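**Student:** Keeping their order, the protein sequence lines are chains X and G. What the first sequence shows, in the working numbering, is residues 1 to 110, in sequence order. What the second sequence shows, in the working numbering, is residues 1001 to 1113, in sequence order.
Hints are not guaranteed to be accurate.
Claimed, not checked - Estimated spans, in silico, between C-beta atoms of each pair:
no.	chain 1	residue 1	chain 2	residue 2	range
1	G	Thr1054	X	Pro110	46 to 56 Å
2	X	Thr60	G	Gly1016	41 to 51 Å
3	G	Lys1014	X	Pro75	50 to 60 Å
4	X	Asp62	G	Val1012	38 to 48 Å
5	X	His50	G	Val1113	41 to 51 Å
6	G	Val1012	X	Asn94	13 to 23 Å
7	X	His50	G	Phe1010	33 to 43 Å
8	G	Asp1062	X	Ser55	39 to 49 Å
Calculated directly from the structure, the hints in this document are not laboratory data. What you are looking at is a predicted structure, and each value in this text was computed from that prediction instead of being measured. Ideal Cβ placement from N, Cα and C applies to all residues, glycine included.
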Amino acid sequence: AQRVTQPEKLLSVFKGAPVELKCNYSYSGSPELFWYVQYSRQRLQLLLRHISRESIKGFTADLNKGETSFHLKKPFAQEEDSAMYYCALSGGGNTGKLIFGQGTTLQVKP
Amino acid sequence: NAGVTQTPKFRVLKTGQSMTLLCAQDMNHEYMYWYRQDPGMGLRLIHYSVGEGTTAKGEVPDGYNVSRLKKQNFLLGLESAAPSQTSVYFCASSYTGSGTEAFFGQGTRLTVV
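So here's chain G without its partners, still in its complex pose (with noise of 0.2 Å):
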């Protein structure tokens, strides 16, 4: 059982380039989301998706865009990447949206140049 599993784990950038990073479960979650992890600033959710086509603005949304085209993945692209963008990016999974734990992946470590 992989849990939460993301694509890739390291990347370097350069200024302007686009990427997409890619988060597959396998726990039949209806609940995925997209948080970016800053020094002294914990984890801040960007993107947030409650089912399979539906996508939703979190508290740092600009300069990047999500799709849920299918329930076990949760896509979340750069278009043009900015060296403030460079982080520590974790997807996680949740069964239900309120009172229950949230399945982490392992992390993208992004550096923009």
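Chain X extracted, bound-state conformation (with noise of 0.2 Å):
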């Protein structure tokens, strides 16, 4: 069965600490991962996607197969990256069905 988990609901840590926020996933192929992020009050958008490769306001994550994860990962917290982190696997078939992990609260203290 396809599925996403984010094991932890709550992540704190201070300004400047690292951040991780895991994920892992149940897929049989070749995924395609997401990391979705809803700000206070704001719409869920788009962070980044695994086959862009690329930085978004300091947060990387990369597709570990072996491991069947998909961590968001960045170096010094930012107070601003307070927020609701969501993983997301498209579900495959060319739909753009999106599989949602439960959710992670990012709150980054000053």
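Hints given; two lone chains; assemble the complex.
**Tutor:** Okay, here's the thing in structure tokens:
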């Protein structure tokens, strides 16, 4: 079964500390993985996707097929990074359906 | 450029009442989706559409119906609302069905009492 798991509901760090939001997936095939972010009172928006291999707002995520993980990392957290983060897997079949993890709330304290 | 717009933003329904949520996108996207967001469960797909005139069931379709009569609009209907349908509903659209960004609406907070 296709599944995305984010084991932490809440991650609280101090400003300047490193951040790692965990994401594990279950998928038989070549996965398409994304991180979406929802800032307070804003709509859900794409942060990054694994096929782009890009860094957005200092965040990176590497697909590890062996460990079936797609963890989101940032070396130095900023207060403005506080938000809800969702890892998502494209369900295949060229439909664009997304399977979301449960979400992790990142709280960056001053 | 409005992107994806949902109407209404908030609604309170009594059990058994019906309502329709409207999603409109102005990006000429082919693909549109309805998700519901519940605490601790992330977003789950209700129904989706891969083009005008087409609809398909997602993960949690029971109690909902949809229609895509025009490319830019995707309607979500609740025929007989139940408290279990209390949730935040998100509409999204994407240009293609593979590897592209999904654009989300601002959400509709629905409470069924």
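**Student:** If a hint holds in the structure, say so; if it does not, say that too.
**Tutor:** Verification of the hints:
1. G:Thr1054 with X:Pro110: 46 to 56 Å: Since Thr1054 (chain G) and Pro110 (chain X) have Cβ atoms about 49 Å apart, the given range 46 to 56 Å holds.
2. X:Thr60 with G:Gly1016: 41 to 51 Å: With a Cβ separation near 49 Å, Thr60 (chain X) and Gly1016 (chain G) satisfy 41 to 51 Å, so the hint holds.
3. G:Lys1014 with X:Pro75: 50 to 60 Å: holds, 51 Å
4. X:Asp62 with G:Val1012: 38 to 48 Å: Since Asp62 (chain X) and Val1012 (chain G) have Cβ atoms about 44 Å apart, the given range 38 to 48 Å holds.
5. X:His50 with G:Val1113: 41 to 51 Å: holds, 42 Å
6. G:Val1012 with X:Asn94: 13 to 23 Å: Since Val1012 (chain G) and Asn94 (chain X) have Cβ atoms about 38 Å apart, the given range 13 to 23 Å is violated.
7. X:His50 with G:Phe1010: 33 to 43 Å: holds, 35 Å
8. G:Asp1062 with X:Ser55: 39 to 49 Å: holds, 41 Å
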